[in-house]
Amino acid sequence: MQLLIEHGADVNRWTPVYGSPLTVAFRFGSSSMVKLLLKHGAMSGLDANQRGRVLQVISQYSNVDVAELVYQDHGPPPVNYVDNIGTTPLHTAVISGNDQMCTWLLEHGADVNIKDSRKTTAFMLACRQGHISTMNILFAAESGDLVTPSYLIRDVDDEGKTCLHRAVMENKLENEAATPLHIAAVQGDVTMVLLLITFGANTEKREKHGRTPLLAFVVVVVVVVVVVVVVVVVVILLLSLLFILLLSFILAAILVVVVIVAVVVVVVVVVVIVVVVVVVIVVGADINAEDNDCQSSLLRACTDGNTDVVKSLLQLRVSLVKRSWHKYSCLQLAIKHGHLDVLTLLLEDPACDADLLNAIDLDTMNVVHHAAMQRDNRFLDLLLPKGCSVEERNGCGELPLHLAARYGSYCTVLKLAQLTSSVNTECYAEKSPFFCACEQGNREAIQALLQVGSNVKDGDVLYRNTLIVSAMGGFTDIVEDLIKLGLAVSSNDREKNTALHHACGQGHMSTVEALLKHQASVTAINVHGQSPLDMAVENSHSEVATLLMTHESWEQSLSVRNASGFTSIDKMIEHTPEAVKIEFNYKYIDPGPRDTSNKNGVYNALLAMLNFGREDLLGHPVCQSHLSYKWRGFGRVVQLSALFTQAGFLFSLFAYYLIMKKPHEQGYECHPSGTTASNNTNSSLYLSNMFDPANRPRFTEYYMHVVQRMVHFFMATAFLWEIGTVIALVSIP
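In the UniProt record's numbering, the protein residues as written are 1 to 733.
Hints are computed from structural coordinates only; laboratory data are not their basis.
Just so it is clear, CB atoms sit at the ideal spot from N, CA and C, and this is done for glycine as well.
Be careful, since some hints might not be right.
What the hints assert, rightly or not - Distance windows between CB atoms, simulated: (1) THR717 x GLY635: 44 to 54 Å; (2) ALA488 x MET509: 58 to 68 Å; (3) ASP616 x PHE714: 35 to 45 Å; (4) PHE713 x GLU543: 24 to 34 Å; (5) SER628 x ALA488: 20 to 30 Å; (6) ASN84 x VAL231: 21 to 31 Å; (7) GLU543 x ILE723: 47 to 57 Å; (8) ASN63 x ARG118: 20 to 30 Å; (9) TYR463 x GLY613: 33 to 43 Å; (10) ARG393 x HIS326: 28 to 38 Å.
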């Protein structure tokens, strides 16, 4: 590196990925490289990366020597500098477990209570990472303030998690020599012990040797007492020997003083023992505290499947009766998330009693119900020997077998079916386990239930059988199997809907094809007057409608009329125009002659195409041919008849005009003033003549004549326009 610098290498060259050469030296913790770079003009103030300054990098990767080397000539280090995500150098030092840098930063005034963007303090990070020595350093730095350490224990982050929650979630329960409570108890710091317990420290937490804070305190105190007693005895013996040999009154006085001091020390030690024991036992700590999600440490560990954490919490005699917001117990959470090892640990705990096994959640389901929904029957193997019943019902009246039929595996269903008194037991909706399996499409469960003799023709309160609900779900393979087992494709529910109705309404192509292959009726009508084609069209399933229209029974589908006497053509034009683009007979778009007995009138498909703007359908060859036929057969005759009728009316009107007397023929002047226009140049005279009552009849006759001429002109124009239209229409082949 010396050689490169001497040949002109830039010591301050910065890259977005690695930063400057000085930053790289910080990451390797090489004080010699740092010294060399600083000697040749490296800028220690250059940003290390996009997240912060140099001190963050030093705190994470380097040691105190490097920090002292960089900041010895640059004033006080920025120990409380906050980067763009809110972390300080102390945060980065705690994350990496760099105890030397933590101590150095605290000595230079680092603030322990600064939180990052996620409201996480350095102490929380130490708990999350499991750095016990770092936690002790932070406690030692704040021990002078009896209020600040409480925040180290009770502070929560942006998710409402305390230090204990974070330690449990990260599987970092204290695995070192002791917790802060152990240390405070061993040191005999009564004030700190009381403070830690008051703010949630765990009095039942065991260190690596299995000792609680109380036991660790007693052991240490016993050792101290023994040492003190031994020292006192030795001192007394030596002094007694000297006193005997020298017969010195001074030595005798010294001996008395030493004895008094020893007694005082023993008394103080005993008092400390009593006080600490009382504080630890009487005050206690809440190991079952919950976060904002109503999750205790045990519930969180059961959800995440952390067996080591669960084992540690059980050793601490954690409460098993805590529930989550949905009233899930620890057993239910372990089963719900598929953690078999966690369930094994919980069942082995002596506190796992019948009340916990029979506890129900908000859905009124117990542990057996949750185990039945798992595809691993080993959950049942663990629960059933504990006395759990398979005959318990949930709020819907469902047995565990019902839930297993919906979601379980072949082995789970078979095991529960063998233990249940009747495999055809129905829930409150009159659904059997076999019905539930068909409704959910669980073919494994169907095979297991068939093996134990389930009723395949079961129905529910809506009179739907297993074939209908399988068709509703689009489970074509199950539909095929049920038809082979003897279920009729013509069976219907309470509203007379067949399996084909529901399959068309849901748009299941393969199921519709299977039902049509087994001669399902396309003309079946439900209580609402709907055919299977109507169900497909009204739900805008163009593919199903096209399938029915291209099937060999398409004429039967179109022959079905609803309560108003209309076929499916009108709805097809509105919702599924693609299905209408086929060749069919005129009778399906031509309403035919009017039926006087039909009070609902006749629907015209061509008019529907016009109303819904289906120009592509109007341009279809069938529609064009039909329109041409209608024009040649009826349209031209009607149009010409209307033309000749209107012509006769206009000719009569013109004849009346010709024979009608004009105003001048009745003795009136053409000009309304009654005089010639040349003699009437005075406008005031004209107005006086106009409003003269004697001249009013002449004015009325004159203007009526003008209006008649205008009406005749417009009628003649309309007649000529209609003649042109008729000529154009007649020219249509």
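Inset, instruction - Quick one: which hint numbers does this structure break? Sort them smallest to largest. - result: 1, 2, 4, 5, 6 and 10
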